[in-house]
Each structure stands twice: as C-alpha cells, then as structure tokens.
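A.B. asks: Following the hints, put chain X in place on chain D, whose structure we already have.
Protein chains in written order, with our numbering: chain D, 42 to 93; chain X, 513 to 756.
Since the hints were made in silico from the structure, they are not lab data. Be a bit skeptical, because a hint or two may be false.
Ranges of calculated distance between the beta carbons of each label pair, as one might list FRET restraints [stated by the list, open to error]:
#1 D:Thr-58 with X:Gly-714: 43 to 51 Å
#2 D:Ile-72 with X:Leu-658: 13 to 21 Å
#3 D:Trp-92 with X:Leu-570: 28 to 36 Å
#4 X:Ile-601 with D:Phe-62: 27 to 35 Å
#5 D:Ala-66 with X:Asp-631: 46 to 54 Å
Just a sample of chain X residues kept apart from chain D, beta carbon distances all over 10 Å, derived [what the hints assert, rightly or not]:
#6 Leu-529
#7 Leu-579
#8 Leu-606
#9 Ala-609
#10 Tyr-620
#11 Thr-657
#12 Leu-688
#13 Val-699
Yeah, the Cβ is synthetic: ideal placement off N, Cα and C, and Gly gets one too.
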Amino acid sequence: MKTRFRRFTSRPASRHTYPRFWEKAIPVFLILIGLAILVLLGVSLAVVLGWL
Amino acid sequence: MNFVTTVLPFLSSAVSLVFALLVWRRFMRKRGAHHLLWGMGMLFYAIGGFCEGYYGALGWNPLIFRLWYLFGAMLVAAWLGQGTAYLLIRRRGLAHALMALLLVGSIYGAVRVFTADLDPALMSGGLHTGSELSGRAIVTPGVRTLTPFFNLYGTVLLVGGAAYSAWLFWRKRVLLHRTIGNVLIAVGALLPAFGGTFSRLGIPGALYISEFLGAVLLFAGFLRATTPIPQAAESASAPQTAAS
Chain D
42 MKTRFRRFTS
52 RPASRHTYPR
62 FWEKAIPVFL
72 ILIGLAILVL
82 LGVSLAVVLG
92 WL
Chain X
513 MNFVTTVLPF
523 LSSAVSLVFA
533 LLVWRRFMRK
543 RGAHHLLWGM
553 GMLFYAIGGF
563 CEGYYGALGW
573 NPLIFRLWYL
583 FGAMLVAAWL
593 GQGTAYLLIR
603 RRGLAHALMA
613 LLLVGSIYGA
623 VRVFTADLDP
633 ALMSGGLHTG
643 SELSGRAIVT
653 PGVRTLTPFF
663 NLYGTVLLVG
673 GAAYSAWLFW
683 RKRVLLHRTI
693 GNVLIAVGAL
703 LPAFGGTFSR
713 LGIPGALYIS
723 EFLGAVLLFA
733 GFLRATTPIP
743 QAAESASAPQ
753 TAAS
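Extracted from the complex, chain D is given alone in its bound form (with noise of 0.2 Å):
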C-alpha cells in the first residue's frame, strides 16, 4: 500500500500544460469544491441530530 502511494504521488508530472486560465482556475475549483462536501457533511450531521 505504502509503496503504491509512493510510486502514485511520486509520478513525474507531465511536460504538458492546460491553457493558462484552466491551469490556474482547476484547482481553485477543486478546493471549492471539497470545501462544499465538508460543509454539506456537517449539514446533514446537523439534520439527523435534528439541529436543523
């Protein structure tokens, strides 16, 4: 397990690239977006206590 997340994260990154504006605006996006399932996760936390 440990050698395969090694050899994953370990990968060279690739010589190509995105245009400039979706190279810099993917991650952004991502991170927003895993942003909205932490939040969304605490909201239906807070339902099935019946907090909300």
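C.D. replies: Just chain X now, with coordinates in the frame of chain D:
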C-alpha cells in the same frame, strides 16, 4: 402561473429527461452500468421536477407528493452516485454490493414514503410559505430521517467522483474537456444539495432555482466531458502544448 414554482421545475424536468435519453442512447451504444444508472438518476430528477411543476400549477395531490419525495428528494442523488461508483470502483463485487444495498434501501424508502401520513398544511409552517413542495408534509416519524443518508451517499460519490476524476486529468494535464466536464458535473451536483439546505432554512425559490441550474450544469458537464476539444483550438490557446 408563477415562474419559479411552476415554469422552472418543468424546465428542470425537460432538461433532465433529454439528458436521461441521451445517456441511455450512450448506454445502448457503449454499454456500461454507469450510463444505465446515470440515466435512471436523471429520470428520477425529471420526475421530481415534474411533480414540483404540477404542484405549482394544480396544487396538492398526495400521489404527486409521494412521487416527488421518493424520486426527487430521496433517491435521485443516490442513483446518480451509484453510477459513478460503477465507473470508478474497480472491484466489481464491491460495486455490486453497494448496488444491492441501494436497491434494498430504495425499496424500503418507497414503502415508507407510500405508507406515510401526510399533512400539506405543515408545508406552510414556520419559515415556509407553502408555495414549494417540502418534506415537512410528512407526519410519520422516521421517514425524513432516511433522506440525508441517501443524499449523502449519492452526493459524496457523484461530486467526489467527478472532482477526483478532474484532479487526475488535471494532474496529468491531459483531456482538458474531461477535466472541465467533471468540474461542471461536480458543481451541478452540489447545487441541488445546497438548494435543499437553503430551502430547509426557509429561503424561497432556492430549491427550484438550484435544481434547474444543477440540471443544466450536469448536462453541460456531460456534453463537455464526452466532446473532445478540437486539437487546433486547444493548441492555439496553449502554444506551449504544441512545443512539448
């Protein structure tokens, strides 16, 4: 006829239905359980939108409410998410086991929804005006408690799966159309989830507007992900790509 409570849900329903038919056509050509399940999920989305529009246009009907709650509120996200499970989970046995659980859960949910006691007057209680369908009409305890489990399962799989795919493509800097498509799908799936939350908090129109935008973004994301960007256009906007 109110635009937000009647026209918009019918539009969501129409977009979802066209999307479902398109995904099923893809299933007929390419097979893949994920296509079949995404089509089912979008059909559920369409049923939910239709029921909302029906309520906006013609008023309360217990059968329409039950159909809306079962397909539009409880099952849609979970079935869409199950499609993503089949796409991303390599161990077929695990995907089948999750499918079996979802099937049993869906049947149980259907029985609970169709045997629940309803009181439409409760939809206009508190912050809610009653102009939109709301699960508050369900009197029987324990029915609404099931919904967050389905929605959490579906949203995490659908949004998480799309975001994970987008990240993989972005990391390797390949298939830009799939990266963009998956981001659109993730955002489109998040919107109705947040709309439901805002609706619970009493913000009028939040659910129906977010459902419409969600359907449009999911559809756009699917089209983007399945339509490669012409090489010439891609390299014109990224000259460094051509050099490498």
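A.B. asks: Against each hint, give a clear statement of whether it holds in the structure.
C.D. replies: Hints and how they fare:
| no. | hint | in the structure |
| --- | --- | --- |
| 1 | D:Thr-58 with X:Gly-714: 43 to 51 Å | holds, 46 Å |
| 2 | D:Ile-72 with X:Leu-658: 13 to 21 Å | violated, 31 Å |
| 3 | D:Trp-92 with X:Leu-570: 28 to 36 Å | holds, 35 Å |
| 4 | X:Ile-601 with D:Phe-62: 27 to 35 Å | holds, 33 Å |
| 5 | D:Ala-66 with X:Asp-631: 46 to 54 Å | holds, 47 Å |
| 6 | Leu-529 | holds, 26 Å |
| 7 | Leu-579 | holds, 22 Å |
| 8 | Leu-606 | holds, 17 Å |
| 9 | Ala-609 | holds, 22 Å |
| 10 | Tyr-620 | holds, 17 Å |
| 11 | Thr-657 | violated, 7 Å |
| 12 | Leu-688 | violated, 5 Å |
| 13 | Val-699 | violated, 7 Å |
Checked against the numbered hints given earlier, this structure breaks hints 2, 11, 12, 13; the rest are met.
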